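Based on the hints, put chain S in the right spot on chain B.
Number of protein chains: 2
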Amino acid sequence: MELQGKVVVAQGGGPTAVINQSLVGVVLESRKFPQITKVYGAINGVSGIINENFLDLTQETTNNLERVAVTPSSALGSTRDKPDAKYCEQIFDVFRMHNVRYFFYIGGNDSADTVRIVNEQAEKSHYEFRAIHIPKTIDNDLMFNDHTPGYPSAARFVAQSFIGLNLDNRALPGVHVGVVMGRNAGFLTAASSIAQKYPDDGPHLIYLPERPFSMTQFLGDVNDVYSRLGRCVIAVSEGIQDENGDLIMQESGDSEVDAHGNIQLSGTGALGELLVRQIKKNLDIKRVRSDTLGYLQRSFMGCVSDVDQREAREVGEKAAQFAIWHDTDGSITIQRTGYYSVDYQIRPLEDVAAKTKLMSDDYINAQANNVTDAFKYYLQPLLGTGMPEASRLRVPRAEKIGEGK
Amino acid sequence: MELQGKVVVAQGGGPTAVINQSLVGVVLESRKFPQITKVYGAINGVSGIINENFLDLTQETTNNLERVAVTPSSALGSTRDKPDAKYCEQIFDVFRMHNVRYFFYIGGNDSADTVRIVNEQAEKSHYEFRAIHIPKTIDNDLMFNDHTPGYPSAARFVAQSFIGLNLDNRALPGVHVGVVMGRNAGFLTAASSIAQKYPDDGPHLIYLPERPFSMTQFLGDVNDVYSRLGRCVIAVSEGIQDENGDLIMQESGDSEVDAHGNIQLSGTGALGELLVRQIKKNLDIKRVRSDTLGYLQRSFMGCVSDVDQREAREVGEKAAQFAIWHDTDGSITIQRTGYYSVDYQIRPLEDVAAKTKLMSDDYINAQANNVTDAFKYYLQPLLGTGMPEASRLRVPRAEKIGEGK
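Residue numbers (this note's numbering), protein chains in the order written: chain B, 134 to 538; chain S, 134 to 538.
Looking at chain B on its own, in the form it has when it is part of the complex (with noise of 0.2 Å):
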């Protein structure tokens, strides 16, 4: 018995490079089947169903859509609400009267976590409906998923920015902190590892959420590292906590808190600025600067992974074939089935829904500053083709004659 009405597809949470794409994927496969009477996108994610604002993609011509694909940050704009039992009942009387059959919604751990909800109210309410989450998080924290799209682009952008900040720390000396986006896992952070190709090569420390920060360690680290080169970079995670869970950024005062009760750390150099204002105090080194890497990491145009692309849309047709041909709910994941290849699963909104990954414990050296091997390993070929190298000069000094011999 084919389910017969409405899609609607949504995208919720921070943007990525390739949030797009799966909006694609999930409007040129739904528009496929015969049953689809019509392909709906949600405006500003469930903002925009309880407010009946919909942008009819039926009409959208093939061609843009293709442009749109490649064009960072939620087309469809987004959201950080979070439905309630009353805001999922308005979410149901909508779709009710809209006979939307087909809910999909693209975004992160607390977007799964409202196609849950709303799942769980359409049975309640023995609406025939199916809901599918599509993964998408540049924090790469998704359970039962190898990866997640979004991720590898952000990486590829945060990599790209630590060869440049290597390079740039190497003609100027001095101490160089680049903060990068990550509440509770450190996977974009120790994408700035891509950056040590020659042995001397920064990021010489990096610091992850997985392990408690200690201010002591790192200025000794930082002592370290720049007694031996005379220069050092620094990769850290915005999130990172002290020994008892709280966030070191919140020592530098205004904080923000979200809907979803989390604190703003993003938007701000706060932490940044502390790390120098710490080294410069405490360590007689006179050039140290701060970058925190922002909003670029999840929306700079034109610095975008073709692995992470061709997942994103895949996940995309993946979630219509799931709902529409198998009549499924659930979290599309991506397996990674060799290396490099992967396969697409459909797995209970549970697994994935308000759940975080961390980074697993082979991925952290032992002393907490730095990632090992096994996790370059996992992550180049997520970063696609064409990834930049830089290059240096090989050739010897030439004798001196003078008395600086």
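Bear in mind the hints are in silico, worked out from the structure with no lab data behind them. Since we're looking at a predicted model, the values are computed, not measured.
In this list, chains with the same sequence are indistinguishable; a pair is considered to hold if it fits within one copy or across any two.
The list that follows gives simulated cross-link-like pairs (lysine-lysine, BS3-like), each with its CA atoms no further than 25 Å apart: (1) Lys-533 x Lys-215; (2) Lys-533 x Lys-171; (3) Lys-215 x Lys-419; (4) Lys-215 x Lys-257; (5) Lys-533 x Lys-219; (6) Lys-215 x Lys-488; (7) Lys-490 x Lys-215; (8) Lys-330 x Lys-509; (9) Lys-509 x Lys-490.
Using the frame of chain B, we list chain S on its own:
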């Protein structure tokens, strides 16, 4: 009479994405001339000369030179040293000792001034010697140049950044402030305007150091845009000053002074955060964020204009030709001869040294909060081929059924 001896090439000031193209241009071109006995690269600019820290680039492979050419940031290392008379004497002692007869210094207007001083000293001491300044600066502020190598690639990075920041802000609306490098000249900040594709695309407001910055006007401008669009993206130069010529950034507290007597502007998010605080305090807007583009602007690996690469290579080649063939001193300049074509001229060092070119009046709008079409016409061909572009969904809203109608 051919002047026989060594070449010394050095790099000064802040790195750019294409500064090694100029280096490689000098090296490859110089190596063709039989009167050149060796091609030395001074490590860390003029400081490498007085310490006799040279790389013997005569021994570098062409293949590796070509790979270094596409690597951002000064491969020889850089310096902020500015030689005085005594420093110059030391330079000459080394040059005489090594029979260095050709000196090429790749840098901005401070580096041009260094070349001018060194050359004056050479004339005084009757040392037969050619000295050439090769232009480089992301600030685009050298006199008698249509534009400067390094600027087009940095401008492309800024443009791609703001395409992303605009899309991000469109997906999750609020106010976003992006702070761009540029102490006196606003060219780099102005490059953000390339993101203005659709009529309501940001940056909606652009503030440049060429015009006095008024906090009152700024807050009024932001309020106007936000009231109209429900969001606002702002591009601002780190060097914006008030009516008295005082840096707005200084209001935020700690400032550092470099060897040239300039206040340190980069490597801190202070200006962005100051503007965010002002907006939050004075306007009733909840989501206000800032990003400081920082060092990525000048050294990000993998965002480069091919036009910039080509020209940076050519100014290096031309420098070698002017010095070795034509026995000339001076500064290489880029002249625009068509849309788009260029030619290279050599100018007296004093024309370029220690002077600053600003944006012309017809590039800035009357309200001093945006650029004009004339500026975009000027910039567009510099950005090179393959410049990415954002696309939107264009379908109509679906008809509402419920009360939300």
